[in-house]
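K.L.:
Chain by chain, the residues:
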Amino acid sequence: MKNAGPDSDVVISSRVRLARNLRHQPFPLLATTAQANEVLEQLASVSESGVLDRFGPFTTIRLKELSELDRRVLVEKHLISPNLANESRAGAVVLSDNEAISIMINEEDHLRIQCLHPGFQIREAWKLANEIDDSYESALEFAFDEHKGYLTTCPTNVGTGLRASVMMHLPALVLTQQINRILSAVSQVGLTVRGLYGEGSEALGNLFQISNQITLGQSEEEIIDNLYGVAKQIIEHEKAARRKLLNESYRRLEDRIKRSYGILRYASIIDSKEAAQRLSDVRLGADLDILPQVSPQIYNELLIMTQPGFLQHRYDEKLSPDDRDYKRAELIREQLNKQVDNGGATS
Amino acid sequence: MICQECGKRPSTLHFTKIINGEKTEFHICEVCAREKGEGIPGAPNSFSIHSLLSGILDFDTVASKGLNSLKPQESLRCESCGMSYAQFGKIGRFGCSDCYNAFGERLNPLIKRIHGNTEHSGKIPKRSGLRVQCKRQIEQLRAELHRYIEAEEFEKAATVRDQIRELERKMQQSS
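If you read the sequences in order, they're chains A and B. For the first sequence, this note's numbering assigns the number 8 to the initial residue and increments by one for each residue that follows. For the second sequence, this note's numbering assigns the number 74 to the initial residue and increments by one for each residue that follows.
So here's chain A without its partners, still in its complex pose (with noise of 0.2 angstroms):
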């Protein structure tokens, strides 16, 4: 996710997915071995057969052949779920070599397709995801019924089988203290609010993912355009709290980023939640100006490479936690160096 896209100061990233089964087949949770595998080569072959090479040119990984590391760290990524890693029996991923599109086979329902798109661009995740939707649907039959719609493993997901959500940094909001208000409404609203790598209110980082709660007898325009309006609301009291901020207390906003852009320029030991913490703090001072050698970029990448299946894979041993909290420290001081070295931000 090189390129930011719109209103990447505030949202990181939006996603949808898409859940489909095959018909005449059982669901992973029943499946047997020969079963399972007998799904997972079909929807391989047919994901080589061509149907895709629009969409640029992917890579299918089977997660037998993975270590458990490579598989956490696909997970931290977000590039495979939780889920799929434990699925070591006939689980693959379809992935595109950019990383923005990730087909899940043999999650909990047969084939999910995922499409990311970095900033706010929901609406174009969909239309991607329905084009590769079509493209499978071209070649494969799947579960649908005339009434309940696409048949998943899990009632939460019937009908259209959609989730979509954006991921969005809300620190101002977190700062001014208004962000329980505004995502208990969002909740009023059919829609789930969740933090980064966990649930609950209290997020990592200040991140927080609003997606879709119903997927039966909306239309999936509906949906889009539901989670799209409520996000634009959520973005304009973001920007409407951090020019707040700026106005009214800029000096304590000034200090609180520089103290945390001094922690991680110098620190030895940094555990994952003061970093994440700290990186927040960081981002709101590249997005409003006060640390203008900071690329906003590097945020995503750091709070990525600063979890610990990430570490571990890049030290390539076995790290205790107290030696990744030593290790997350070195790698965020190299990171924030070579800015400062390369004379500030690229983008």
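Calculated from the structure, these hints are not laboratory results. All C-beta atoms, glycine included, are put in the ideal place defined by N, C-alpha and C. Don't take each hint at face value.
[Unchecked claim] In silico DSS-like pairs for lysine-lysine, Cα to Cα no more than 30 angstroms straight-line:
| no. | chain 1 | residue 1 | chain 2 | residue 2 |
| --- | --- | --- | --- | --- |
| 1 | A | Lys-134 | B | Lys-199 |
| 2 | B | Lys-81 | A | Lys-280 |
| 3 | A | Lys-246 | A | Lys-84 |
| 4 | A | Lys-334 | B | Lys-81 |
| 5 | A | Lys-134 | A | Lys-246 |
| 6 | A | Lys-325 | B | Lys-81 |
| 7 | A | Lys-239 | B | Lys-185 |
| 8 | A | Lys-134 | B | Lys-185 |
| 9 | A | Lys-334 | A | Lys-71 |
[Unchecked claim] To spell it out: a stretch of chain B is covered by chain A in this simulated footprint if at least three of its residues, at any positions, have a beta carbon under 8 angstroms from a beta carbon of chain A; those stretches are:
| no. | region |
| --- | --- |
| 10 | 81–87 |
| 11 | 171–180 |
| 12 | 183–194 |
| 13 | 215–226 |
[Unchecked claim] So the derived list for chain B, only partly shown, Cβ under 8 angstroms to chain A, looks like this:
| no. | residue |
| --- | --- |
| 14 | Arg-150 |
| 15 | Cys-154 |
| 16 | Met-156 |
| 17 | Pro-198 |
| 18 | Val-205 |
| 19 | Arg-234 |
For chain A, the structure is supplied; the task is to place chain B on it using the hints.
P.N.:
Positioned in the frame of chain A, the structure of chain B alone reads:
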């Protein structure tokens, strides 16, 4: 920070639970997280949506007791994959796409509670869509055929019969 459960290992999982505004912080190690399991995001065996669903289903079981109009659910079973309604109630997930048909209308209260609706109004796949269309047309033609036979208009009936055969062949080809 040391794990608050065992007091020995360093804590690696930190999370805050807020229930009805009451805030509780947890700092525990991976071993204790595994033991505690329930309610800890990111921990193995964490509380899932499916256990929640089966809670709703249990409610349905209780609520529908005494209503004998429906088939007793113990014997309700999907013939394709063998999953029983009771099993579905426990795990909150279906075994195959035929389960939806097998459990039929009994699912509607659950689905309505999740989605507030029981009718799909979104995308229709072209393939299955064609079959749905054919099915509807055939039903209409059969009714027509019946009328012609009753009116003893056999020539017209024969034409309709041929149309039905043609549609049935089309349906078989598409499946």
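K.L.:
A separate judgement is required for each hint: does it hold in the structure or not?
P.N.:
Cross-check of the supplied hints:
1. A:Lys-134 <-> B:Lys-199: Holds, because 17 angstroms separates the two Cα atoms, which is no more than 30 angstroms.
2. B:Lys-81 <-> A:Lys-280: Given pair Lys-81 (chain B), Lys-280 (chain A) holds - Cα atoms ~21 angstroms apart, limit 30 angstroms.
3. A:Lys-246 <-> A:Lys-84: Status holds; Cα separation ~27 angstroms.
4. A:Lys-334 <-> B:Lys-81: Given that 30 angstroms is the threshold and the Cα spacing comes to 23 angstroms, the pair holds.
5. A:Lys-134 <-> A:Lys-246: 27 angstroms, holds
6. A:Lys-325 <-> B:Lys-81: 20 angstroms, holds
7. A:Lys-239 <-> B:Lys-185: 29 angstroms, holds
8. A:Lys-134 <-> B:Lys-185: 28 angstroms, holds
9. A:Lys-334 <-> A:Lys-71: 29 angstroms, holds
10. 81–87: holds (count 3)
11. 171–180: holds (count 3)
12. 183–194: holds (count 10)
13. 215–226: violated (count 0)
14. Arg-150: 13 angstroms, violated
15. Cys-154: 5 angstroms, holds
16. Met-156: Nearest chain A Cβ about 7 angstroms off; hint holds.
17. Pro-198: 5 angstroms, holds
18. Val-205: 5 angstroms, holds
19. Arg-234: Since chain A brings no Cβ nearer than about 25 angstroms to Arg-234 (chain B), farther than 8 angstroms, the hint is violated.
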